[in-house]
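**Student:** Sequence:
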Amino acid sequence: MNNNNDATMPTGIVARFLNFVERVGNKLPDPAIIFLFAMLLIWLLSWWFSGVTFDAIDPRTGEAIIINNMLASDSLATFLSSMVKTFTGFAPLGVVLVAMLGVGVAEHSGFINTGLKLMLKVTPKKLLTPSIILVAIVSHTATDAGYVLVIPLAGVIFYAAGRHPLAGIAAAFAGVSGGFGANFIPSGIDPLLQSFTQSAAQIINPAMSINPLNNWAFTSASSFFIILLGWYITDKIIEPRLKNTELDGNKEDLPAFEDARSDEKRAFFIASTVMIAGLALLAYVSAPGDSAMRSEDGSLTNFRSPLMQSIVPLIFLLFWIPGAVYGFTVGTFKSSKDMIDAMSKAMGGMAYYIVMAFFCALFIAAFSKSNLGALLAIEGAQLLKAMELPSAVTVVGIIFLTGFVNLFVGSSSAKWALLGPVFVPMLMQLGISPDLTQAAYRVGDSSSNIITPLMPYFPLVVVYCQKYVKGTGIGTLIAMMLPYSIAFMIGWSLFLLGYWALGIPLGLDASYVYPAVAP
Numbered sequence: 002m003n004n005n006n007d008a009t010m011p012t013g014i015v016a017r018f019l020n021f022v023e024r025v026g027n028k029l030p031d032p033a034i035i036f037l038f039a040m041l042l043i044w045l046l047s048w049w050f051s052g053v054t055f056d057a058i059d060p061r062t063g064e065a066i067i068i069n070n071m072l073a074s075d076s077l078a079t080f081l082s083s084m085v086k087t088f089t090g091f092a093p094l095g096v097v098l099v100a101m102l103g104v105g106v107a108e109h110s111g112f113i114n115t116g117l118k119l120m121l122k123v124t125p126k127k128l129l130t131p132s133i134i135l136v137a138i139v140s141h142t143a144t145d146a147g148y149v150l151v152i153p154l155a156g157v158i159f160y161a162a163g164r165h166p167l168a169g170i171a172a173a174f175a176g177v178s179g180g181f182g183a184n185f186i187p188s189g190i191d192p193l194l195q196s197f198t199q200s201a202a203q204i205i206n207p208a209m210s211i212n213p214l215n216n217w218a219f220t221s222a223s224s225f226f227i228i229l230l231g232w233y234i235t236d237k238i239i240e241p242r243l244k245n246t247e248l249d250g251n252k253e254d255l256p257a258f259e260d261a262r263s264d265e266k267r268a269f270f271i272a273s274t275v276m277i278a279g280l281a282l283l284a285y286v287s288a289p290g291d292s293a294m295r296s297e298d299g300s301l302t303n304f305r306s307p308l309m310q311s312i313v314p315l316i317f318l319l320f321w322i323p324g325a326v327y328g329f330t331v332g333t334f335k336s337s338k339d340m341i342d343a344m345s346k347a348m349g350g351m352a353y354y355i356v357m358a359f360f361c362a363l364f365i366a367a368f369s370k371s372n373l374g375a376l377l378a379i380e381g382a383q384l385l386k387a388m389e390l391p392s393a394v395t396v397v398g399i400i401f402l403t404g405f406v407n408l409f410v411g412s413s414s415a416k417w418a419l420l421g422p423v424f425v426p427m428l429m430q431l432g433i434s435p436d437l438t439q440a441a442y443r444v445g446d447s448s449s450n451i452i453t454p455l456m457p458y459f460p461l462v463v464v465y466c467q468k469y470v471k472g473t474g475i476g477t478l479i480a481m482m483l484p485y486s487i488a489f490m491i492g493w494s495l496f497l498l499g500y501w502a503l504g505i506p507l508g509l510d511a512s513y514v515y516p517a518v519a520p
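Counting the sequence shown from 1 gives a position; our numbering is that position plus 1.
Treat the hints with care, as some may be off.
Subject to a maximum C-alpha distance of 25 Å in a straight line, what follows is the list of computed SDA-like cross-link-like pairs (lysine to any residue) [stated by the list, open to error]: (1) K370 / T124; (2) K86 / A33; (3) K416 / W44; (4) K126 / E240; (5) K338 / K370; (6) K416 / M84; (7) K338 / E240; (8) K86 / Y353; (9) K346 / V356; (10) K266 / V356; (11) K335 / S263; (12) K370 / K122; (13) K370 / W44; (14) K370 / S83; (15) K370 / A78; (16) K122 / K346; (17) K370 / M388; (18) K416 / A78; (19) K416 / S392; (20) K86 / S210; (21) K122 / W232; (22) K237 / A222; (23) K266 / T124; (24) K346 / F91; (25) K346 / S369; (26) K122 / V464; (27) K338 / I322; (28) K370 / L431; (29) K126 / D236; (30) K122 / E240; (31) K416 / E380; (32) K86 / K335; (33) K266 / I341.
By construction, these hints were calculated from the structure, which means they are not laboratory data.
Let the hints inform the model, and build the full structure from the sequences given.
**Tutor:** If you want it as structure tokens, here you go:
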């Protein structure tokens, strides 16, 4: 990267490709409308193929598959009469809203922000880069906190340490967005993706159940990998290229790192103690062999156990209670109304998701009831079997295809709602478990986040950079983040294959093959 403003856009093949991505992406309708169009397309295809006889055998019935005409009068009547139930019964809707109620209290009270400040403040200079990436990964738990707090603070901290602030921003952006599929801490994204995966798996096996933490071990291990890889890229590739990039921002306008106040530290300590006590109580209640949190066979990790079915409510409580304690202790909450207002603000931020979920629920219902999903999975699996590709090649193909689609459709849940009903049943027919398919999706979904201008927070990161280097443009940020994206896509794919080859569990109650083989 040069020290002039001509570096705002990359040149040559990269520039043409990025221009193509931006043109195509800007012409795409909103994801909610995509779901609407997809549902209408399903209706038309179901009418077209309803009179066709297929040889494909439906694994659910053992008989030849039959396509149901969704435009038939009885189907339309059922669609209208069940529309409300289809929407309110849409599993991802409740999962996200309940989790975000608790996270909203923790976020708006200041509990999460203070925790992030304290984590960054005590970091040794030699470990500054990996520590920022670590905090960025953990910030996924608080949804937008990473973008609005960690990324700008990372620039401030690097600047205060005498390092290039854009390198700090790049490292944090890589952790928050490029490492979105990695995290030590279970969060709302786990049950959200699980709910889509389970709905997709039930196209083939209606009795199929997926554990909300089916990828937790893999995402935890991936955190170490992303931290190490991001550390190397930042210190050895990105920061050396930034040495000649002069800072020309107004020094008076540059943000300052504000230490947590003594009252904030005290409130954080009290709230954290409450959270730890809550976890200890949960462990104490769950430990006995006859615990009510265990399933009938005595397992805690089986999806049928009350503990696993309570993951979302537990996420709610483990953020809501400490958040409330922090708020009332530090004074950001003066009354219960302030706490309710925080929850309302969290729900206000979910308004768009609710709209998208409405159309998504209708699309998935039509896709499933028409039997087109099952037909596509069976025929697609037969095609893949005929190609005789190794399972590893198929999984890597899913990763790269997801990464490409991610350039145009930024929402993780929207993409998985579209791709899951195709990928999951298809790979189940090839003997690949929904758990492994979901893990592959998470790798592809994360790796290209940081190079697409269509990602909602991408322009915001450009603004952060412009506070230090006025000439920063979209191309500048893409060029800076491209090494992370390429390394994450290739390296993380190989990491998943190695993880798979070693047979390390993906998560709780998870498997690599379908049908699952009992250990």
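**Student:** Honestly, which of those hints from before does the structure not fit?
**Tutor:** 1, 5, 7, 10, 12, 16, 17, 18, 25, 32
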